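Peer 1: This is what each chain is made of:
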Amino acid sequence: MASDILDEVNDFVQIWWSSFIEEGSGRLRPAGGTGVTDAHGITGVDYDALTAWAKGNSVSTDQHTIHDFVEYFEMLFNRMKEFVVRKDVDGKATGIAGLNYRDFTRKGQLVAGRGSRKYTVGSPTDKAEKVEVLACRLLGTNLLELYSDEKTRDLNRESAIVKELQTTNWECLHNDETFIRGRGIVNFLSTNSKGHVRLSESWEVFIRDHFGVPNGVAGAIPGSLQPENLLKVPANTPKTMPYPIHYALAEAFAKLWKLEMRGLNQWGKNQLSVRNELCDIAHSKGTDTISLNEYYTVYRTHGVLHMADSELARSLVDVTRPNYILKEIHGSSPKQWTVELDPGLIRWRAYHRLRGRTRTGDDVNGEGEDENSTASEEEPDV
Amino acid sequence: MTRILHKDYPSLDYELWNNVRAMRSNVDKQMGIQLASKDRGGSRASELWKGGGRFQIDNNGAEEKSLPMVVDFLSLHSVFEDINERIRIDSDTLYAEIQALVSKDPKWAIFFEGATKRDWLTINWPAFGRVIGAAVSNQAKSTVKHWTFKGTDALDSLRFWNEFCNSDDSVATGDGLSLSLWNDIVEFYTDRNYDPETEVARSLDHLPSAPFRRCVNTKHVDVVMPNPLALDFRKKLHATFGLVVGDENPEEIQKSHGKVVMEKLLKKQIVRGKSNHAGFLLFIHSLCAHHLMRGNVAQQKIGLHLVSMLGIRLDQRGVGGMNVPDLANALDSSFQLGAVLRILRDSKLVEWSFVDHASVLSEAKLLKSKL
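Those protein sequences? They're chains A and B, same order as listed. Counting in the numbering used here, the first sequence runs from 236 upward without gaps. Counting in the numbering used here, the second sequence runs from 580 upward without gaps.
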């Protein structure tokens, strides 16, 4: 299952860069979506594939478990958004677009200030570990940059960290405390008073598409975050990219962290397996709809029948989750229902097939788990 | 046989309930006590919740082997079905009644800005399930002695609200807590393995039942604002205990917290809710908003899934009740389900009934044969 989650992260990176970079020229696409073309003739980002990925990997029901990763990512995201707003309002980039060491400590100390049963004085805390994992995962995929002061990118340190991650196959991050203490990104931040980390430029395009003016608004620049331009957007105009994809990515990193550094291998397991199987049933019938009985059966065979109803209910109120539309079959007797699966979820699974990954989970017991299954003591994360 | 409905056709639950509901007899208080004390093992292992049914019992708990076997059913109190029906035919008036209640104080408007009609009319079943789970686990230990696990969810929740409300006068006045003071509290609690920031995230999902929200108050200060409904519930809780806010001792309150929530506050509101749907929905939101969830496994296994399955199936498909053997199988809880059902029954949150096993089975078979 580690590889399944890693596959999902790798898929994200692959889809992200193929969506944001125009293959022929290697240029970053402009904000505003597919209807926009810049001076170089390059069109905006097509978010279909990323949206599908977000549906398949949308956040778990129990957000307590992933909260730190989401919060840190959101801090990075918001800091960049503030930077983009300043850029649009002032007409030039001012201030930093990232977070320094002190910013990260607002969510709790990264180094233990006093001894306890858990930590010795000066040892990295759980929070430091999470910051390190999040930042390294982003840096290793060109989604983050290190700056030694306001404007100077520290390419040497970036290369050194990425090289160590690659040569040790990421083991330095998971099994070597000296990396966090002395060579990683937390150490870089703690030893550089002006040092900071920021999301890479492609995120600026995403932020513009997520918060900014959509294409087609009269008198406004697509992607602009200037308040005057935003005021011109009529109410209920769809955003260019409505999904906060960074939440799902943060969760994928959280799962990897739990798996690789805490050895909790049930994390994220059922979520992917259940969604895979729902899509596979629909695919086998050449449709996007399954019966409610099939829907329940998939949850039952994965030992999480008690979560099936919650998932149906939550999909109605949370746009980031796959949308399951429950429909009564008119005239059915006894009364029966179907569940229409989110088109994004179907596309996400189709992408797996395209890449030769058609396995449905690790734990599927085709006969149903019935009386012999043992439920985990932890809340399953579907 | 462990199930009533065939494992591949669980959605026959709607028709099964409709076909047997007229045949049911209620489990009364004494019977509930006897069944709870007879229940052994986890929900799947118990002899009481098998697909083959259970023996009927007399008032002393003795099995009546000469009588037909029976199957237990659970349904939420009829007030929930009434509210669903009201929403179906008259949601605008119900929403207007809720708006009239929550627009009393302009400060409330800041917290609830962006809450939709749907938010107000929807019960956050997972949150409500956790509230019930925490209260039941507390009551089963403290007052009815069904198990030794007492759970600290209520205590943690009470401690945090105390700390939060006492840290600045502006909290009580509805102006929220400045971010710097909030960060101090967060730091204190995160050092103790509890991150209050996670509670702020709940406002993204469902505002009426979220405990806190980050916003700008009437004085244009960035604050973390408590849900006014949660503060309202806090007052109710203190009044029920006969305590003055600020004088309380969380440890003392915790001893009977579950019983007070289930048997005094919830039970009273359920009875009143029949004639005051808007007030009842607000009460449920306030109960959820006051409960700070720590993801404790016990409250999930005891209450979350049981209550949320009943609630969501009622909301989405109109399923009025579920048979207990199938429910017990799905829950796979290691807690004695009988003890949980007894407490839920006594609080009026659920109606616990039983139906002749042969009739239930024949209905289930008939339904399956029609597919």
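Calculated directly from the structure, the hints in this document are not laboratory data. Quick caveat: nothing in here was measured; it's all calculated off a predicted structure. For glycine and all other residues, C-beta sits at the position ideal for the given N, C-alpha and C. Worth double-checking, as some hints may not be accurate.
Stated by the list, open to error - Taking beta-carbon pairs under 8 Å as the criterion, some of the chain B residues facing chain A (in silico):
1) 586
2) 704
3) 735
4) 746
5) 888
6) 895
7) 910
As the list claims (entries may be wrong) - Computed footprint of chain B on chain A, listed as stretches where at least three residues anywhere in the stretch have a Cβ under 8 Å from a Cβ of chain B:
8) 528–540
9) 566–577
Claimed, not checked - Some residues of chain B that are not near chain A, with every Cβ distance over 12 Å (derived):
10) 656
11) 683
12) 798
13) 889
Peer 1: State for each hint whether it applies.
Peer 2: Quick rundown of the hints versus the structure:
1. Satisfaction of the interface hint for residue 586 of chain B is found here, the shortest Cβ-Cβ separation to chain A being roughly 6 Å, below the 8 Å cut-off.
2. With a least beta-carbon distance of about 7 Å to chain A, the hint placing residue 704 of chain B at the interface is held under the 8 Å criterion.
3. Below 8 Å, beta-carbon pairs count as interface contacts, and residue 735 of chain B has none with chain A, the closest being about 13 Å; its hint is therefore violated.
4. Because the closest C-beta pair between residue 746 of chain B and chain A is about 18 Å apart, greater than 8 Å, the hint is violated.
5. A least Cβ separation of about 5 Å between residue 888 of chain B and chain A falls short of the 8 Å threshold, and the interface hint therefore holds.
6. Interface restraint check for residue 895 of chain B: the shortest CB-CB distance to chain A comes to about 6 Å, inside 8 Å, so the restraint holds.
7. Against a cut-off of 8 Å between C-beta atoms, the interface hint on residue 910 of chain B holds, since the closest Cβ of chain A lies about 6 Å away.
8. Coverage of the segment 528–540 of chain A by chain B holds [criterion: at least 3 residues with CB-CB distance below 8 Å; count 6].
9. Coverage of a stretch by a chain is defined here by at least three residues with a beta carbon nearer than 8 Å to that chain's beta carbons; for the segment 566–577 of chain A and chain B the count is 5, and the condition holds.
10. Annotated as non-interface, residue 656 of chain B keeps its C-beta farther than 12 Å from every C-beta of chain A; the closest such distance is 19 Å.
11. No Cβ of chain A approaches the Cβ of residue 683 of chain B within 12 Å, the least distance being about 26 Å, so the stated non-interface status holds.
12. Its beta-carbon lying about 22 Å from the closest one in chain A, residue 798 of chain B satisfies the requirement of being farther than 12 Å from that chain.
13. With a cut of 12 Å on Cβ distances, residue 889 of chain B falls inside the contact zone with chain A, its closest approach being about 9 Å.
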